[in-house]
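These protein sequence lines map, in sequence, to chains R and G.
Just so you know, we're using the numbering used here here: the first sequence kicks off at 1 and counts up by one.
Just so you know, we're using the numbering used here here: the second sequence kicks off at 1 and counts up by one.
Since the hints were derived computationally from the structure, they do not count as laboratory data.
Each hint should be verified, as a subset may be incorrect.
[To be verified] Okay, the calculated beta carbon distance ranges per label pair:
{"id": "1", "chain 1": "R", "residue 1": "Y8", "chain 2": "G", "residue 2": "N88", "range": "17 to 23 Å"}
{"id": "2", "chain 1": "G", "residue 1": "P2", "chain 2": "R", "residue 2": "V108", "range": "41 to 47 Å"}
{"id": "3", "chain 1": "R", "residue 1": "L337", "chain 2": "G", "residue 2": "V5", "range": "52 to 58 Å"}
{"id": "4", "chain 1": "R", "residue 1": "T346", "chain 2": "G", "residue 2": "L12", "range": "25 to 31 Å"}
{"id": "5", "chain 1": "R", "residue 1": "A373", "chain 2": "G", "residue 2": "P137", "range": "44 to 50 Å"}
{"id": "6", "chain 1": "R", "residue 1": "E111", "chain 2": "G", "residue 2": "V5", "range": "46 to 52 Å"}
{"id": "7", "chain 1": "G", "residue 1": "L12", "chain 2": "R", "residue 2": "E155", "range": "32 to 38 Å"}
{"id": "8", "chain 1": "R", "residue 1": "I324", "chain 2": "G", "residue 2": "P137", "range": "20 to 26 Å"}
{"id": "9", "chain 1": "R", "residue 1": "R318", "chain 2": "G", "residue 2": "D36", "range": "39 to 45 Å"}
{"id": "10", "chain 1": "R", "residue 1": "P338", "chain 2": "G", "residue 2": "D36", "range": "35 to 41 Å"}
{"id": "11", "chain 1": "R", "residue 1": "S333", "chain 2": "G", "residue 2": "T201", "range": "20 to 26 Å"}
{"id": "12", "chain 1": "G", "residue 1": "Q96", "chain 2": "R", "residue 2": "A322", "range": "24 to 30 Å"}
Idealized CB from N, CA, C, for every residue including glycine.
Given next are the chains, with one letter for each unit.
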Amino acid sequence: MNPEALAYPFLFIALFFESFVLVTFLSKPARSARARQAASIEDPSLPTVAIVVPCWNEETTVAGTVESLLALKYPKEKLEIILVDDGSTDGTPAAMARFADNAQVQIVRKENGGKHTAMNAGTALTSAEIVGYLDADSFVEPSALLEVMSGFTSEQVAAVTAAMSVHKPDNLLRHMQNAEYIFGITLRHTLASVNGLYVTPGPFSFFRREIIVALGGFREAHKGEDLEMALRLQRAGYWLENAPRAKVYTKGPPTLRKLLKQRVRWTTGFMRNVGGEYRDLVGNRRYGALGMLVLPLNLTTYVSGTLMFLLALFLLGRRAFAAIEIRSGIPASYAWLPHASALSRTFDWFYLPSSLYILLGVATIIGSLTMIAIGKRVSETPGSLVQGLLAYLIAYGFIAPLWVMRSLADIALGKKRAWR
Amino acid sequence: MPLFVRNALIALAITGAIVGTVVYAVDYLNRERVADLQAIEDQLSIDTLSLDTQFSLLANAPCESTASSTDLTGELTDLGNRLAYTENQLGSENAQVVRLKQQYSLLEIRDYLATEELAKECDEKPVTVLYFYSNTPGECPDCDKAGYALSYLRDTYPALRVYSFDYHLSLGALSTLIGIEKIQPSFPAIVINGKASYGFTTLADLEKRFPKSALATSTSKGS
Numbered sequence: 001m002n003p004e005a006l007a008y009p010f011l012f013i014a015l016f017f018e019s020f021v022l023v024t025f026l027s028k029p030a031r032s033a034r035a036r037q038a039a040s041i042e043d044p045s046l047p048t049v050a051i052v053v054p055c056w057n058e059e060t061t062v063a064g065t066v067e068s069l070l071a072l073k074y075p076k077e078k079l080e081i082i083l084v085d086d087g088s089t090d091g092t093p094a095a096m097a098r099f100a101d102n103a104q105v106q107i108v109r110k111e112n113g114g115k116h117t118a119m120n121a122g123t124a125l126t127s128a129e130i131v132g133y134l135d136a137d138s139f140v141e142p143s144a145l146l147e148v149m150s151g152f153t154s155e156q157v158a159a160v161t162a163a164m165s166v167h168k169p170d171n172l173l174r175h176m177q178n179a180e181y182i183f184g185i186t187l188r189h190t191l192a193s194v195n196g197l198y199v200t201p202g203p204f205s206f207f208r209r210e211i212i213v214a215l216g217g218f219r220e221a222h223k224g225e226d227l228e229m230a231l232r233l234q235r236a237g238y239w240l241e242n243a244p245r246a247k248v249y250t251k252g253p254p255t256l257r258k259l260l261k262q263r264v265r266w267t268t269g270f271m272r273n274v275g276g277e278y279r280d281l282v283g284n285r286r287y288g289a290l291g292m293l294v295l296p297l298n299l300t301t302y303v304s305g306t307l308m309f310l311l312a313l314f315l316l317g318r319r320a321f322a323a324i325e326i327r328s329g330i331p332a333s334y335a336w337l338p339h340a341s342a343l344s345r346t347f348d349w350f351y352l353p354s355s356l357y358i359l360l361g362v363a364t365i366i367g368s369l370t371m372i373a374i375g376k377r378v379s380e381t382p383g384s385l386v387q388g389l390l391a392y393l394i395a396y397g398f399i400a401p402l403w404v405m406r407s408l409a410d411i412a413l414g415k416k417r418a419w420r
Numbered sequence: 001m002p003l004f005v006r007n008a009l010i011a012l013a014i015t016g017a018i019v020g021t022v023v024y025a026v027d028y029l030n031r032e033r034v035a036d037l038q039a040i041e042d043q044l045s046i047d048t049l050s051l052d053t054q055f056s057l058l059a060n061a062p063c064e065s066t067a068s069s070t071d072l073t074g075e076l077t078d079l080g081n082r083l084a085y086t087e088n089q090l091g092s093e094n095a096q097v098v099r100l101k102q103q104y105s106l107l108e109i110r111d112y113l114a115t116e117e118l119a120k121e122c123d124e125k126p127v128t129v130l131y132f133y134s135n136t137p138g139e140c141p142d143c144d145k146a147g148y149a150l151s152y153l154r155d156t157y158p159a160l161r162v163y164s165f166d167y168h169l170s171l172g173a174l175s176t177l178i179g180i181e182k183i184q185p186s187f188p189a190i191v192i193n194g195k196a197s198y199g200f201t202t203l204a205d206l207e208k209r210f211p212k213s214a215l216a217t218s219t220s221k222g223s
């Protein structure tokens, strides 16, 4: 059997998922969500809001995070900011102290206990109706909170997520992450319209405080507290919404090592939670799109992504090996540099690569790029995406399988890694 | 029906349509390739017949013919490249590929004979290479390397006339050629100016099998 044929089912699944997202994007609920206007700052019914910033050794970024929160358009008397220092060992306390005199800001220091404990500690300090969380390496647009508030459309909506992108990407990895995050904007926006969200990300997700307190607050959850809370809310029958224009920027790991560490944490968090405590949601009709489509497809993606990567490596390696072998002993100027007969073939339609594998792969890539373009447009994220798209095209297919494979290995070996 | 189920069904239909379109596009491109090859072969048949006719008309002075088989050889090379690519796409068992290979092999043999005839009549010394390969799995592990090395030599030394044949192709004329040249089923089989040798190790080794004057960088008289 042609080894390329192994990829057909996975390419079909990828195309199906992209089609599903694009059809859902055009459906009425998603259109209505896009048409929703941000809440008005003049609206007297705006709820009280507390934003908790859990910090652990964030001396370089926390001040910028807090300043962006203080610049939020929201009635000051209804907005409090709670900075929780989770036992930092660097200059984070001093960086926080700058804001001690601000009436909107509360600062609390506790022994290190993990991000979820910092989030719970902050939550315990407020009686606001809505509580949100923002990682201390993230920044928000001034209009973001009013956008988020427009997402609490009914009492059944327990949480609203924002639209994340990378803050001033400055290298290939961060450009790649930026495109990926913007891809995520489309995904989150459309899946929210069918209540298919399975994570309420650390950067700028908001909850009805009474609900998360009633559910017992955040848990360690294999270092996936944001994912676990979303699944718990889903299981309890609540809706998770998304505000696609609530722009929040995160820094994104600058190096491959740090990126892999972060993504292995996310991926193992997903696999351990969904494959463990929340296994009953997978394939369960009661949980609609989440149970029947989103979670099963996500699990499939991890397996199929790895297999596709290994298959591509095998095919590429086999082709490279054959190319090297048949060229051995032939002068390099002919074998490896362009010459007339090879060039004439390059620009001839006859030699256009046109296998099913390649064309289905191209269709899948076009689908991904379309979703990134939609995400940028819907969220009105500023800046050029050209570098992001290029970086995504060049690097993502090689890097993402690395963290998936390492995650699978960690789970198989029962290995747990530190946060950083 | 829940919205996500309806959307999933629509997505399934769209995915089916995309896959169907891609399958159709692949098939369409392959059909176009075959049609392209057919057109080239038809043109070459006419050119070959024209050349034959010119030889017949100038039976007493064939060397004065303005016609030359060199152009045909160049077109044959291009046709061979296209045919090899198409064979790679459609598989060597494909009936259309087999038929095109039969036509191509006939054209090659005809061009080879014309070259030999000109050489005899006009005191020219072209270097002809008959290259026999096998597509049977495991029968010729070095054929790809030998084919590439011969392509290099042909592109580097325009005087070389390289004719490649699938040894197992079912074609009467090819069987006759194999019989006349006494080619054994050992691959790759390379016949240089009528002298057969077997196997391929390196380019340097292959070059040693050529007459000393054959691999000159300038175009030989016979071209």
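Hint check results:
no.	hint	verdict
1	R/Y8 - G/N88: 17 to 23 Å	19 Å, holds
2	G/P2 - R/V108: 41 to 47 Å	44 Å, holds
3	R/L337 - G/V5: 52 to 58 Å	56 Å, holds
4	R/T346 - G/L12: 25 to 31 Å	38 Å, violated
5	R/A373 - G/P137: 44 to 50 Å	46 Å, holds
6	R/E111 - G/V5: 46 to 52 Å	49 Å, holds
7	G/L12 - R/E155: 32 to 38 Å	35 Å, holds
8	R/I324 - G/P137: 20 to 26 Å	21 Å, holds
9	R/R318 - G/D36: 39 to 45 Å	28 Å, violated
10	R/P338 - G/D36: 35 to 41 Å	24 Å, violated
11	R/S333 - G/T201: 20 to 26 Å	22 Å, holds
12	G/Q96 - R/A322: 24 to 30 Å	25 Å, holds
Of the numbered hints given earlier, the model fails hints 4, 9 and 10; all others are met.
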